[in-house]
Amino acid sequence: MTVYLTSSSGHYEGIANILNLMKNTLVDLFRSKKRIVIKPNFVSTVVELAATHVKAVEATIDFIYSQIGSRKIIIAEGPATSLLSNGLKKFNYYSLKDKYDVEFVDLNLDDYKEIYVYAHNLEKKLRIRVAKTILDADFRISICRPKTHDTVVATLSIKNIAVGSLIDHDKSKIHAGFAAINLSIAEIATKVMPHLSIIDGYVGMEGNGPVSGDPKPWGIAVAGTNPVEVDAFTAWLMGFNPQDIGYLYILHKWGYGEINPEKIEVVGENPLKYKTKFKPHWRYEKQLTWKNELARKGDLLERRILESLDR
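Numbers in our numbering are just positions in the sequence shown, counted from 1, shifted up by 36.
Keep in mind that the hints were calculated from the coordinates and are not lab data. What you are looking at is a predicted structure, and each value in this text was computed from that prediction instead of being measured. Heads up, a few of these hints could be off.
[As the list claims (entries may be wrong)] Below 16 Å or equal to it, Euclidean Cα-Cα: the simulated EDC-like pairs (lysine to aspartate or glutamate) are:
#	residue 1	residue 2
1	K313	D280
2	K149	D172
3	K108	D134
4	K227	E150
5	K161	E150
6	K322	D280
7	K125	E139
8	K333	E159
9	K108	D98
10	K207	E150
11	K327	D280
12	K209	E150
13	K227	D174
14	K70	D172
15	K207	D186
16	K108	D174
17	K168	E150
18	K126	E84
19	K315	D250
20	K149	D204
21	K108	E139
22	K108	E94
23	K315	D186
24	K135	D98
25	K133	D98
26	K69	D172
27	K207	D142
28	K168	D204
29	K160	E150
30	K69	D174
Given only the sequences and the hints, what does the whole structure look like? Please build it.
See the structure below:
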């Protein structure tokens, strides 16, 4: 698969540029879709740096409207600690209704389907609820900033939609250890994988993300239709080894995409021009212990890989 990379002079401009670069790929994908869901990141409804900028979403909707005409777009999110309406007001998302036919859905209040993910002992016994608006979408778009994270190294397009699609406090239930949360994110992702991943890297977050970190001006946008490869490539650009991000490693092992940057085709800018170093979370070294936890379970990951083949 192909990952696209452009420079970005602003939240709107970067996303407009990256989608135009992908136009030939995207137009046919969008045309037949009746239920398009955009999933921004509102892990906080107070801290603007932790949230997807409204201009990035505006650029996405403008592209859809310009290429395939106006249609209803669902903007869906389930904030970790607040009502969606608080974030929509704080981050000026209600302004989108002045221009577009959009519907806002608070995923914490949504209908749901129950699935099982991984408990502390790495057995698949933890029952959680996944929002049906995300599950039932014809076309899922995950759009977010690149941010460091306190448990799984980085928040990118897959984690944004996988964890954000969980109902209310089920988000905290999956924090069952470093190995368990990575397995669980990977498991959820197989049900809600984005059809289009967009990374708004105009300004990211480094240090103690995903809420309390520092701004990282970067000036890039990354996108693609294989979320594993988009996220792995972005993580590499951030200065991380994609194999250190457990859920990406697991999804790669399950066959969902390549995580070796040398094997990912890039269209657009020269990646080396934008490769940087995000300051990791202070718990970064501890986060890498997911590898040891899986190793102590022997062939657990291999068994999970075999399980995935039965999906």
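Now for the hints, and whether the structure bears them out:
{"no.": "1", "hint": "K313 with D280", "in the structure": "holds, 15 Å"}
{"no.": "2", "hint": "K149 with D172", "in the structure": "holds, 10 Å"}
{"no.": "3", "hint": "K108 with D134", "in the structure": "holds, 13 Å"}
{"no.": "4", "hint": "K227 with E150", "in the structure": "holds, 11 Å"}
{"no.": "5", "hint": "K161 with E150", "in the structure": "holds, 12 Å"}
{"no.": "6", "hint": "K322 with D280", "in the structure": "holds, 11 Å"}
{"no.": "7", "hint": "K125 with E139", "in the structure": "holds, 14 Å"}
{"no.": "8", "hint": "K333 with E159", "in the structure": "holds, 11 Å"}
{"no.": "9", "hint": "K108 with D98", "in the structure": "holds, 12 Å"}
{"no.": "10", "hint": "K207 with E150", "in the structure": "holds, 13 Å"}
{"no.": "11", "hint": "K327 with D280", "in the structure": "holds, 8 Å"}
{"no.": "12", "hint": "K209 with E150", "in the structure": "holds, 13 Å"}
{"no.": "13", "hint": "K227 with D174", "in the structure": "holds, 13 Å"}
{"no.": "14", "hint": "K70 with D172", "in the structure": "holds, 11 Å"}
{"no.": "15", "hint": "K207 with D186", "in the structure": "holds, 14 Å"}
{"no.": "16", "hint": "K108 with D174", "in the structure": "holds, 12 Å"}
{"no.": "17", "hint": "K168 with E150", "in the structure": "holds, 10 Å"}
{"no.": "18", "hint": "K126 with E84", "in the structure": "holds, 8 Å"}
{"no.": "19", "hint": "K315 with D250", "in the structure": "holds, 9 Å"}
{"no.": "20", "hint": "K149 with D204", "in the structure": "holds, 13 Å"}
{"no.": "21", "hint": "K108 with E139", "in the structure": "holds, 7 Å"}
{"no.": "22", "hint": "K108 with E94", "in the structure": "holds, 14 Å"}
{"no.": "23", "hint": "K315 with D186", "in the structure": "holds, 12 Å"}
{"no.": "24", "hint": "K135 with D98", "in the structure": "holds, 9 Å"}
{"no.": "25", "hint": "K133 with D98", "in the structure": "holds, 13 Å"}
{"no.": "26", "hint": "K69 with D172", "in the structure": "holds, 12 Å"}
{"no.": "27", "hint": "K207 with D142", "in the structure": "holds, 14 Å"}
{"no.": "28", "hint": "K168 with D204", "in the structure": "holds, 13 Å"}
{"no.": "29", "hint": "K160 with E150", "in the structure": "holds, 13 Å"}
{"no.": "30", "hint": "K69 with D174", "in the structure": "holds, 6 Å"}
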